[in-house]
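The whole structure should be built from the sequences, with the hints applied where relevant.
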Amino acid sequence: MQIDQPPDPDYEAVGIGYIGLADPHAREGISILRANDGREFHMRAFSGEVAGFISAYASGEEVPVPSIYRMIQEICEMSGLVLVKVKIYESGEALRANLYFKGRSEIILRNYRASDALALAACHGVPILVRSTLLRDMKSD
1 MQIDQPPDPD YEAVGIGYIG LADPHAREGI SILRANDGRE FHMRAFSGEV
51 AGFISAYASG EEVPVPSIYR MIQEICEMSG LVLVKVKIYE SGEALRANLY
101 FKGRSEIILR NYRASDALAL AACHGVPILV RSTLLRDMKS D
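Reading the sequence shown from the start, the letters are residues 1 to 141 in my numbering.
These are calculated hints, taken from the structure and not from any lab test. Any given hint could turn out to be false.
List of simulated lysine to aspartate or glutamate pairs, EDC-like, C-alpha gap at most 16 Å [what the hints assert, rightly or not]: (1) K139 x E40; (2) K139 x D8; (3) K85 x E106; (4) K102 x E77; (5) K85 x D37; (6) K102 x E74.
Shown next, in the form of structure tokens:
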């Protein structure tokens, strides 16, 4: 698989329409990812802390980068790699993501937590792609 391949018809580009908390104790995050045609994918079951980072990155706030994201950023800088897109999909009962990096070489990291991939995409301003079958027309539901 090549990073610069033609767009995958099974995936749609989405933006972060909403990010917040699903519970009053700020333990569980929720995000609504929205395609250009208005269809949505509601993603939850990730930490409230990650939701806070995604929200800050999506709104352009300058916040300290958590150590794991900073580590990925430093590895990319040392290796001459740049995150270019993430793809979110279902794997059994879990949401997973592939992270696509490009530079002197191309690297695809497969089957990582979707919430971390979403945070990295928001932090670096790269396209977020969601498997089309996950998107729902909320007007008809």
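Against the earlier hints, flag every one the structure doesn't satisfy and list their numbers going up. Of the numbered hints given earlier, those the structure breaks are 2, 5, listed in rising order.
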